[in-house]
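2 protein chains.
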Amino acid sequence: MTDCPHPTPLSKVDITCSFWTGRLEAVRVGALPFIYDQLKRTGRWDCLKLQWKPGDPNKPHRFWDSDMAKWLEAACHSLRVQPDPFLASLVEEAVDMIRGAQQEDGYINSYYTVVEPGRCWTNIAWSHEMYCAGHLLEAALAHHSYTQSTHLLTPVLRYVSHIGSVFGPDEGQNPGYPGHQCLELALLRAYEETDGNEMLLDLATFFIEERGQVHPHGDHYYDIEAKRRNEDPFVGPMRKGGRRFEYFQADLPVREVAIQEDGIQGHSVRAMYWLTAVAHLARLSKDESLHIAAKRLWTSVMERKMYITGGLGAIGEWEGFGPDYYLPNESGYLETCASIGLVFFAHQMLLLEPLESKYAQVLERALYNGVLVGMGLDGRSWFYDNPLAVVEEGLKRSEWFEVACCPPNVARLLTSLEKYIYTFSPDGDTLYVNMYLSSSATITLSCGSVLRITQKSKGPWFGGTSLLIEGAPGEVGKLKVVLRKPEGVRRFDIAIDDTPVMQEQSEYTQVLTCSSFCDVSASRVTVSVQFEYQPRTIHPHPLDLANFRHISLARGPFIYCAESIDNPHIPDLRAIRVDEGSPWEEVVDKESFKRWGVEYVKLRTTVWLECGEEDRRKVELTLIPILLWANRGLSTMRVWLPLA
Amino acid sequence: MTDCPHPTPLSKVDITCSFWTGRLEAVRVGALPFIYDQLKRTGRWDCLKLQWKPGDPNKPHRFWDSDMAKWLEAACHSLRVQPDPFLASLVEEAVDMIRGAQQEDGYINSYYTVVEPGRCWTNIAWSHEMYCAGHLLEAALAHHSYTQSTHLLTPVLRYVSHIGSVFGPDEGQNPGYPGHQCLELALLRAYEETDGNEMLLDLATFFIEERGQVHPHGDHYYDIEAKRRNEDPFVGPMRKGGRRFEYFQADLPVREVAIQEDGIQGHSVRAMYWLTAVAHLARLSKDESLHIAAKRLWTSVMERKMYITGGLGAIGEWEGFGPDYYLPNESGYLETCASIGLVFFAHQMLLLEPLESKYAQVLERALYNGVLVGMGLDGRSWFYDNPLAVVEEGLKRSEWFEVACCPPNVARLLTSLEKYIYTFSPDGDTLYVNMYLSSSATITLSCGSVLRITQKSKGPWFGGTSLLIEGAPGEVGKLKVVLRKPEGVRRFDIAIDDTPVMQEQSEYTQVLTCSSFCDVSASRVTVSVQFEYQPRTIHPHPLDLANFRHISLARGPFIYCAESIDNPHIPDLRAIRVDEGSPWEEVVDKESFKRWGVEYVKLRTTVWLECGEEDRRKVELTLIPILLWANRGLSTMRVWLPLA
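Chains as they are written, first to last, in my numbering: chain L, 161 to 804; chain E, 161 to 804.
FYI, nobody ran anything at the bench for these hints, they're computed from the structure.
Nothing here was measured: the structure is a model prediction, and the numbers come from that model.
SDA-like, lysine to any residue: derived pairs with alpha carbons at most 25 Å apart: (1) E:K400 - L:I736; (2) L:K387 - E:D216; (3) L:K556 - E:M398; (4) E:K400 - L:I730; (5) E:K400 - L:E559.
When you get a sec, could you build the whole thing from the sequences and use the hints?
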C-alpha cells in the first residue's frame, strides 16, 4: 500500500481557464440565484424555520434539508473565490436557520421535527436523516473554509456528536448506518479538514465496517428497525434474483461485496458516495484489505458498468447498475449525481495511488461529460438522467425536480473544481498535475516553503501547458513535479526553461516524472509540456451489444455526440453509417454557442445514410461534445455511431 | 372496400393437432383450476358476493371483475369442447354471483359497489368500469355459446343497456368512453353473435367516434369528469413531448391519430383492443375512412413498432409504444396481453381483407411467439412482459400478478383458437385456410349446405396439409378454397385428389386460389398442399439499432432464441458471433420438453465466441422456439444474434 498523500497543501487557487470561468460564472450568476429561487418557491428554504403545520402547503420532505445544504456548500465555495453581497446575506440567513432548527439534543432535521416528530431514527434505511446530516456537515466545512468562523461548524459537529451517541457498537447504541450513504464521506472529510477529531473517524469507520453485517444474535439492521416499527422493511427496487438490501449496498459487508462475481450493484449514487468513503478510509487507516476492496469495486465500475461519459446506472427502475456490460443508450439512466459521485471516488482513488493516471482519466471523463451535461449552459436548466441517445425530439432540460438532488450537487462540485487539478505526495513535496487548465495556486511544502504555481494551458480544447513555479531563491528546487500524460495523445514533450528533457515514459501509468530539474538558487522555473489532442475512436467491449459494431468519438477529455440541430439534412440520426477509418476534421466553432461564451472544437466527417427505402448516399456529419447538447432547442442525439 | 365476410359459419371444431392439444390441455388441467385458485386466494372470486367491508383483507380493486370474467370466458370455451363437472360447477357459481351482484339499475361492478359506492361513472378514464363490463359481456357470450342459455347474457345485456343510458350523444347523457378500451370490442362481437341488436352497434360506434373528440363548447371528456371531481385528470405516463391522453389513444379522434407521423402511441393493450374494434366497426359499417384509419395504424404497428415475435411495447413506463424502430431487447416490455390484442386486431383486419396474408402471418407470429411465451408449459406460470433478451439469470415465471390480466387472457385466447384457423368470404362460400393444423370442423354454406372439413397437417413444425372436404353428393363443389402460402416456404404444391393443380401465384398476397376443382356429384374431395419450412434469417430494419448487425432465426411461424440451458459451454450468450451464411441444422428434439409432451424442431449451427480476453474460437449453438424458454430453470436468453 502506498503512503497516503495529504490532500490539501493547496491554497489561493485562481482558475483562469476561459472554459471553466464560463462554467463557474454560469453557476455564480445562473445556478446559485436560480436554485435559491427554487428552494424558496418550493418551501425547501423556509422549512428550516420549523413553522410548517399539517394542512399547510409545501409539506417538507425527508431529503429537503440536503437540497438546501448542497446549495449552501456551493454558495460558500463560490464566495470564497468571488465576493457577492446578496449571496453572502443568503448564506447568513441559511446558517441562522440551521442554528435555529437545532433541537436541545443537537438534532437537526426539518422533516422529522415538524412532519413526523417523535419518529426520528426509526427508519434510517429510508429516512435520509444521515444523508441530510452528511450534506449539512459538508456545508459547514465549506462555510468554515469561506468565513473561518465556526458559527455553522460548531452546531453541526454537535449534531454529529448526537448521531454518534445514538449509533455505534456499544451497549445502548443502535448498530445502524446510513440508508443513503453520504455522512461517511463527510465525516472523513471533516476529520481531515478539522485536524483529527477522532470521533469523526470512529463514527465513519463504524458506519463503513457495520454496513451489510448480520449479527449472530439478530438480523440485518434494516430488519431490526422495521420490526420495531411493526413493518416489513422496504428493500428497494431490485434486479430479478438480486440480494436483499443490495439497492443500498447493504447486502453484504464491503469486503464481501468486493469479491462478488457480479460486482457493484444497486443505486449508483449511493454506491459512489459509499466507495468514496471506503477509499478515503483505506487511505486514512492504511487498511490494505479495504484498499483492495475499493480497487476491486473500482474495476467493477470502470471496466464493466461505466458508460464512456463516466455516466453510471443502466437501469432507471432503481437508478442504478445493470448487468455487466449492459449499457443501453436510450433507456440508460446515468444520473448526474452518480457521475458527481464518480468524480469523488476517482479523486479518493487517485489520492491512494497518485501515479495511476486511470483515476485521473475517469475523473476527467465524468467531470467534462457525465457531470457537465447535467447543467444547461445557462446554469438554469438541468438533466437528472443523461441517456446517450435520444430518438425523438421532446426531451427538455428541466428547471427543477421533485427530487432535486442534481442541480445543487452540480453547483457544489463545480465550485470546488480546484481540488481536482493537483494532488500531492504524503510529504506534500511532489505535485501531481492531473488537469491541464490555466490557473494559479499557492502550495506549501513540508518544510514550510511556499511556492506559487501558475499554469498556462490551452486546455481543455487543446493540449499542452506551461507551469511557472516561483518561490524564494533556492525553494523552487524542493518541488518534484509529475505530469500526467492524458489518454490518446501522441507526443508528450517536456521542457524545463525551454530546454527539452529526456523522459522515462511508462505505458502503464501514462505519467512522466521530472524532478531535480533546476539549480539550487533559482527562484523561478518553467516546466512546459507539449502534446496534442486529436480525434480518437472508442470501441465498445465485445459484450456491450447495445453498441455492437458502433464507435464513438473522443478528443481530449471530451466525448462527442451527433445532435440533430447540427445535422438538419439527416432525417434520422439512426440512419448514419460511419466508415471505420473516416478522417475527422477538427473545426474551432466560435459561433454556435456564442450566446453562452463557449468556443469549442467540433468534429466533422462524411458518413453514409442508410434509410432502408432510398439509396445509400454520403452526407456530412458534425459532432459536438456531449456537454453542449440540448441547449439550442428540441433535438435528437446519439453518442455511439453505427459503422458502415 | 371489400365486402364483409361473415366471421362464423363454423361449428363443431375439433382440434387434433398434437402441439395444440398439449397447449389446450395445459390450459384445461393447468391454467383454469390454477387461476381459479388464485382468484379465490386473492379475493377476486368472492368480491362479487359484495360482502367486503372496510378493514377486511383482500380489498377489491377496480379491475378485479375483469380477471374473473376472463377466467369465466375461458372456462366456457373449454367446456364447450370438453366437459368437466367441477369446472362446470364453478362456472355456475360465478354466473350466480354476477347475477347476484347486479344492482337495480343494472349496474355490475364489485369495486364501485362495495369500496367506492356512489362514485360509479365519475372517473371512466381510470375506473376500468367499462373494461370490466366488456369482459363481462365477452364472458356472457361465451357462456351463451357453451350453454345456449341466456342466464348470464340477459343480465349483462341489461347492464350494457344501463351503460347506454348513461353514456351517449344525447342531452342528459355523458359523452364519455372507456379509459381502457375493451367494451367497444365486446359490443361489436355481441352485435354479430346475437344477430343484430342495434343498441350494441350504436353504443360501440359512439365510443369509437367520440374517443379523442374535444367539443367546441367544452373540454376533453376526461377533463370534464375530472373537473366534476375537483381534480386534475391524470393523463397517464407519457413520452417526453407526447400529446395529452395519448396513453389512452384519446388524444385525437381515430382518423386523426391515423394520420399522425409518429403513428400509434400510448398503452399497447389499450391500443390493440381499440384497433380491433375500429377494424370490426369498419367492416360492419362499411365505413371506408375508418377502414383506411385501421390500415394506416396497422402499418404503423407492424412496420415500425412490432417486435419480430409479435410483441408490442418498447417502454415499460407506460406499458406501451416507443419511437418508431426503437425495439430494445432487454428492456422491452412486450406485454403478453398486447400480443393477444394483436391477434384480435390481425383477425379483424383479415376479415376485412381476407386475401392479405400479412394479417394471418402476424396473427400466427403473435400467437405462436408473443402469446405462447407468456404461459409456462405447465399452464401454471406466467410472464407478464416478454423481453427478447435476458442477460442475467434471475427472471422467473410468476404464479400470479397484482395486475393479473395476462393469465386468464392467455387462457381465453387459447381456448378460442378455433376462430383463427379459417376465415370466410361474406357469402360464406369461400374458405380461407389461415392456419395449417390438424382439426375438423363443420361449415354451413350460404345455401344451407353443410360440409365437414378434416385437416390433416404436419403443422406447426412441418409444412403441408391435406383437407378432406365431405358433404352430401354435389355439395362439395360449392365450396371455394383459398390456401395461404406461409412466409418463407419454398415450394407450395397443391393437388386435388392426388392430381397436381396448376396454380397462379401472387407474390403480393402469398395466397393461392383453387376452386371449381371437382365434379358436380362428388361427396368428398381432398385438397392437399405440400410445402416445407426451413430455417430462415430475419434482418432488422436499418433504423433498428438495438439489433444492428444482428440476425434472428425463424422457422415456420416460430421465432427462435438461444437459451443458456441448451448452451452450457457458452459462458455468456452475448459473446457469440454468427456467420451470416451459416447453415442451420434442423433437429427433432423429443427429449428436452418431454415432461410437458412437447416435441419440436431445434436449430443448430457453429458460431464464433468472442469474449474479448480469450481468442476467438468456434462452438456449437442451439436455438429453440422462444415459446419454450424459461421452463427448465433459471437461464439467460437472446433472440437476436450478433453477426461475425
